[in-house]
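Asks: Sequences and hints are given; from them, build the entire structure.
Chains as they are written, first to last, in the numbering used here: chain A, 113 to 409; chain B, 5 to 436; chain C, 46 to 342.
Check the hints yourself; a few may be wrong.
[As the list claims (entries may be wrong)] Just so you have them, the derived chain A footprint on chain C, three or more residues with Cβ under 8 Å: (1) 110–118; (2) 314–328.
[As the list claims (entries may be wrong)] Listed next, the in silico EDC-like pairs over lysine to aspartate or glutamate satisfying Cα-Cα at most 16 Å (straight line): (3) Lys352/B / Glu44/B; (4) Lys253/A / Asp81/B; (5) Lys85/C / Glu103/B; (6) Lys430/B / Glu392/B; (7) Lys430/B / Glu233/C; (8) Lys109/C / Asp427/B.
[To be verified] The following label-pair restraints were derived from C-beta to C-beta distances: (9) Tyr206/C / Ser375/B: 45 to 55 Å; (10) Leu393/A / Thr335/C: 28 to 38 Å; (11) Gly231/A / Pro62/C: 14 to 24 Å; (12) Arg336/C / Arg396/A: 47 to 57 Å; (13) Ile127/C / Gly142/B: 51 to 61 Å.
Calculated from the structure, these hints are not laboratory results.
For glycine and all other residues, C-beta sits at the position ideal for the given N, C-alpha and C.
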Amino acid sequence: MQYHKPRPTASAIASRFLIYLVLGLLAILIIVPLLWVFMASFKQNSEFYGSPWVLPEGLYFQNYVDAWSKARMGDFMLNSAVTTAMALGMLLIFALPAAYVLSRFRFRLRRLMNISFMGGLFINVNYIVVPIFLMLVAGDKQLRAWGAAPFFLNNLFMLALVYAATALPFTVYLLSGYFATLPVAYEEAAYIDGASNLTTMVRVMFPLALPAIITVILFNFLSFWNEYIIAMTLLSSSTGPKTLPVGLMYLTKAQNARSEFGQLYAGLVLVMLPTLILYMLVQRKLTQGMALGGLKG
Amino acid sequence: MKKLMTIALALALTIGLFLPAMAQEAPLKVAAIETAYGAEIWQEVAAGFTAKTGIKVELVTDKNLEDVITSQMKAGDYPDVVMLATGRKAALTETLIKENLLEDLTDVLSMKVLGEEVLVKDKIAGGFTESSLTNPYGDGKTYLAPMFYSPCGLFYNAGLFAEKGWELPATWDDMWALGDKAKAEGIALFAYPTAGYFDAFFYALLFEVGGPEFFEKATRYAEGIWDTPEAQQAFDIVGKLATYTEASVPSNANNDNYLKNQQLILDNKALFMPNGTWVVGEMADAPRADGFQWGFMALPAVTEGGDRYSYTWFEQLWVPAEAQNKEAAKQFVSYVYSDEAASIFFEKGGAVQPIVGLAETLEGDNKMFFSIYDTGAKAALGNFAATEPVEGVNFADTVFGTVNSLVSGDKTRDQWVEAIKVDSDKLREALK
Amino acid sequence: MDRHKGRGWFIFWCSAPAFLLFIIFMVIPTFNIFRMSLYKWGGFSARRTFIGLGNFRTLFEDMKFLQAFQNTVLLIVVVSVITITLALGYAAILSRIKFKGQNFFRIVFYIPNILSIVIISAVFSAVYDSHNGLLNGILALFKGEGAQPVYWLGNQNIIIYSLAGAMIWQAIGYYMVMYMASMAAIPESLYESAGLEGAGKLTQFFQITLPLIWNNLRTTLTFFIISSINMSFMFVKVMTDGGPDGSTEVFLSYMYKQAYTNSTYGYGMAIGVVIFIFSFALSGIVNLVTRRETLEV
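Replies: As structure tokens, this is what we get:
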């Protein structure tokens, strides 16, 4: 029992100093570049040819105006928000029950499903995007043959579905890892109260898994929001909808053409802000939700 | 069987009857790369075309056009007319050439220019439809129409030369001497935006060392061609030039940072860079040294009094074989050579169509650039011949991309030549 | 009673939709990759020729592919070793030592992970710039003005490590949070008794923390292999495009070039197959090698 703080020793002070030094160094390495992006977004085009570390001559807000109107950032941001929300919704609807069942029930196909989802972690979205695309093309051709309007391509819902499907392995993995750490006692209590499987899962287990769900939402929000290879392929029509990262391409540099650097950086900041805000909102839950024990059994 | 034939014939006739009518109604889908000349020119030309024919035009322009149209095309939705040159990173045009998916445009050449009484072939300036750039299979048939041409060569700061009292090098020996002089003042002789810009440079050099016949053989991967003294001379020049190149160039020789390499010329840190006339527009906003003034010359000659060449670069306009609206597409192709379209292209964007007599009307910087062929330089046109796709072989990377390694010293000239020979052999077998 | 009767259906409705979606959008496209790797096909036309394992035979004689292979392996090793070491260190400091500003550091360290890759590339091209870059600027302080700059993105012996630097910068926070999550599960009492026995912080880390999170560490190794293959492609695509002269080509970037720009789609798919098998095998090997008697708390 100590009633007063012990006097810090010299070595304690030294180690404290060392800790701050080590942490501070990494923090600077992260904050400085971040500020640099903000700074660059206020520069005029001619300022981009010299040293990148010079402060902007003034706050050139026109970049944001141009990025917003020329690159149709407003429309695209709405598209991105809708797609991301749909994809997250579908992902949770599909992944949560599956993860719960896979971690709690023993049934015949369980092992096969677990192994398949694990194997799915190794499938890289970057190379299956074209087969997916060709599949959807075939689907649209079939629809046209039946006299119906094409549905599969240039459709935000389909894009969201593909996002949800390709995020399944990791999400199921993470969620079932978390479910496995929850004590069985909760379910037993619910069953004694006469609750059905469904009620138990939705009313008891899902709320308990909230930290993991939030982690899943954050991770997938980041990847859906920033994703552009699938979006570019599946939303190919020039008159159809586009998402924000695809819209950003209108601003990117291209050889033989004049570059609008200021607009590009303003666009980048516009894309980055929602992710930063969401992260700040949920960051406290982030550490709690990552229980990666690995699938047991 | 006979009945079937009759039905088929009747069907074909009916479709044949209705097709022209339908073509009038369906909009013409035009996709064009947006370059330094801007996108506005296309809107106006499209409007001009609609005014003449009543055919509506659906226009797509983008700086990275491949990203926009490739998936569409794979989904079976082809544009009717596309302006996209070969030699770009995404190599979409090359892919279609390799896959035989371009429409033969030879008949367009003997069509009348839309709204004029002149034939297209009489309107297009001499030589433009005779190289592998427009006739990729070497069979005399034209599959790609030439657009927006631009002489390529070496760009420099004329102000700096005046200030220092330096003479422009007329031969490569003069060039090396100048390089040593400049080095003493801390200026590098040479810089390049990306290694890809060596295409125009290297093609012109091949013409200089061996003339048109040699060029033809080399670009068709003739056996043993790279061991000839002519080829060796070209390799020597590039190899030596690599040692005179500003050392930071390979670091920035990519799509994101190549402007930094072009900036070297504006900052007087390097003397020459290979480029095209679009560079002026591209660097319009960039800060520059006092007294900076664009200068432009053909490659120095290999020998005293030898031929000097400037590569003629142009955009390529083509019609996909899968296009739905080919008749209108061909009309559109003829229209871009009309005086009306040409003046829109030039007035609104500064793009110069390869039309007879147009270059004489130019003024200012453009006059200097386009008069290069009047002041002694010869025009070099052509590129490496199309082949069937060969797994793992990208000849542009092998020939031009390696220059980065020559500059940084990661590969020697001999390793470079060896790799070229190996790939050249593979491509010869796959030649179309 | 009710519960057991509906059990089968409950399991079915929970797991089948997710599994079906996974089959449609991931398994079938992957199967198609395997199938297409046996063809010679340009990607557009209807001309397809079956050539059996021909693509694979070409692949193993393709020096550029071998270089991409080598680069990928190098990046996986360098990035995972350094990232894991640093992430573990920072996680241990942040979860085992109490000091002011802890939360701030935890939040900041994660930020690189939420940024879009385009921003990261822009940041690092300003950091690595040979004339005006931050890194050379700092080096010049030590070496004096006018010293030969280091060509971070031009020197072919250095550039792959420059890429690794950017990848590590991006990944530290993510893995740090993961390790913090599992460190939080270690009971405080273990450290207290160790402290009473006179074990220093460092000893505690190696005797208690590391063994107890070992399982989690192994799991992240698998993630590393998967994500390094993917992230190296993203970084290469925006920062160097495989250059200068193919010196930074990695698996996926080379696959893309072959499948799309070189009109050899089948060959590209063969590369995709190799990537899949390679990452699967490597994870298996790593899993075996790192197997230890696990300590359960």
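Asks: Look at each hint and say if it fits the structure.
Replies: Going through the hints against the structure:
1. 110–118: violated (count 0)
2. 314–328: Coverage by chain A holds here, the residue count being 7 at a Cβ distance below 8 Å.
3. Lys352/B / Glu44/B: Between Lys352/B and Glu44/B the Cα gap is close to 7 Å, so the pair holds against 16 Å.
4. Lys253/A / Asp81/B: Holds, at about 11 Å.
5. Lys85/C / Glu103/B: Status holds; Cα separation ~12 Å.
6. Lys430/B / Glu392/B: Distance ~10 Å between Lys430/B and Glu392/B Cα, so the pair holds.
7. Lys430/B / Glu233/C: Roughly 67 Å between the alpha carbons, so the hint for Lys430/B and Glu233/C is violated.
8. Lys109/C / Asp427/B: It holds: about 12 Å lies between the C-alpha atoms, which stays within 16 Å.
9. Tyr206/C / Ser375/B: 45 to 55 Å: With Cβ atoms ~49 Å apart, the hint holds.
10. Leu393/A / Thr335/C: 28 to 38 Å: holds (36 Å)
11. Gly231/A / Pro62/C: 14 to 24 Å: holds (19 Å)
12. Arg336/C / Arg396/A: 47 to 57 Å: violated (35 Å)
13. Ile127/C / Gly142/B: 51 to 61 Å: holds (53 Å)
In this structure, the earlier hints numbered 1, 7 and 12 are contradicted, and the remaining ones agree with it.
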